[in-house]
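Given only the sequences and the hints, what does the whole structure look like? Please build it.
If you count the sequence shown from 1, position 65 lands on 64 in numbering that gives the first Met the number 0, and the numbers rise without skipping.
Heads up, some of the hints might be wrong.
[Said to hold, decoys possible] Computed list of lysine-lysine pairs in DSS-like fashion (alpha-carbon distance at most 27 Å, straight line): (1) K75 - K26; (2) K1 - K172; (3) K121 - K18; (4) K18 - K1; (5) K54 - K121; (6) K54 - K1; (7) K54 - K172; (8) K121 - K1; (9) K75 - K18; (10) K127 - K1; (11) K1 - K75; (12) K26 - K127; (13) K18 - K127; (14) K172 - K121; (15) K26 - K1; (16) K54 - K26; (17) K26 - K121; (18) K75 - K54; (19) K75 - K121.
Hints were generated in silico from the structure; no laboratory data involved.
As the structure is a prediction and not an experimental result, all values here were calculated from the model.
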Amino acid sequence: MKRVTVFCASSDRIPDVYKQDAHEMGKLLAEAGYGLVYGGGALGTMGIVADEMLKAGAPVKGVIPRFMVEVEWQHKGVADMELTDTMSERKQRLIEAGDIVLVLAGGVGTLDEMFEAISDRKLDLNDKAMVVLNTAGLYTPIRDMMERLNAEGFLRDNDHLYFADTPREAIEKIDSILG
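Written out as structure tokens, the structure reads:
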């Protein structure tokens, strides 16, 4: 079974449009027969995607640092929970454990995860393609910047980085990549 690593928000204080796309994305991933690898949290779009996958009986693996478990941020319904010592180790394990990376709306933590995965790919430290769900145009400035960086010669290519405007488009891209 192919597994999708999802980077996304741990906050519940976000507009409903992002939560709606997380619900749909979780359902579509499960329907397509994918397993989930994610940050192990119970709140925000993190919890929403995990809940949808669990409801559908799809495999879910959480990767969470010990300090987050100590403050009870982990999803209690996820049986396969890997503990790490640091956030850096968590990011590395998240990338390693999946076959592709999917980025949903999120804050600085999500951006950090996304750019580390992109940077590692550029350094040949991973071979993971990335699909970015551009809900409500949130990531349009980043898409535009990545295209400019590529055009200006700062990046070798962007052929592993895909942007999708809807969950349906994101799952189609994932399917076409993972075949």
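Evaluated hints:
Note on K75 and K26: the hinted pairing holds, with a Cα-Cα distance of about 20 Å set against a maximum of 27 Å. Annotation: proposed proximity of K1 to K172 holds, straight-line Cα distance about 14 Å (limit 27 Å). Taking the CA atoms of K121 and K18, the gap is near 31 Å; set against the 27 Å cutoff, the hint is violated. A C-alpha spacing of about 24 Å is found between K18 and K1, which places the hinted pair at or below 27 Å, so the restraint holds.
Restraint check for K54 and K121: not satisfied, since their Cα atoms lie roughly 36 Å apart, outside the 27 Å limit. Pair hint K54 plus K1 holds up; C-alpha atoms about 18 Å apart against a cutoff of 27 Å. Simply put, K54 and K172 have alpha-carbon atoms about 24 Å apart, close enough for the 27 Å limit, and the pair holds. The straight-line distance between the Cα atoms of K121 and K1 is roughly 23 Å, inside the 27 Å bound, and the hint therefore holds.
Proximity of K75 to K18 is assessed by CA-CA distance (about 20 Å); at most 27 Å being required, the pair is judged to hold. With a C-alpha separation of about 12 Å, the suggested pairing of K127 with K1 holds against the 27 Å cut-off. Distance restraint check for K1 and K75: the Cα-Cα separation of roughly 24 Å lies within the 27 Å cut-off, and the hinted pair is therefore satisfied. Between the alpha carbons of K26 and K127 the distance comes to roughly 22 Å, so the proposed pair stays at or under 27 Å and holds.
Only pairs whose Cα atoms come within 27 Å are accepted, and K18 paired with K127 is accepted, the gap being roughly 25 Å. For the hint pairing K172 with K121, the CA-to-CA distance comes to about 20 Å; that is within 27 Å, so the pair holds. For the proposed pair K26 and K1, the alpha carbon gap of about 16 Å is at most 27 Å, so the pair holds. Straight-line distance between C-alpha atoms of K54 and K26 comes to about 9 Å, which keeps the hinted pair within the 27 Å bound.
The hinted pair formed by K26 and K121 fails the criterion: a straight-line CA distance of about 31 Å is larger than 27 Å. For the proposed pair K75 and K54, the alpha carbon gap of about 14 Å is at most 27 Å, so the pair holds. For the hint linking K75 to K121, the alpha-carbon distance of about 36 Å lies beyond 27 Å, and the restraint is violated.
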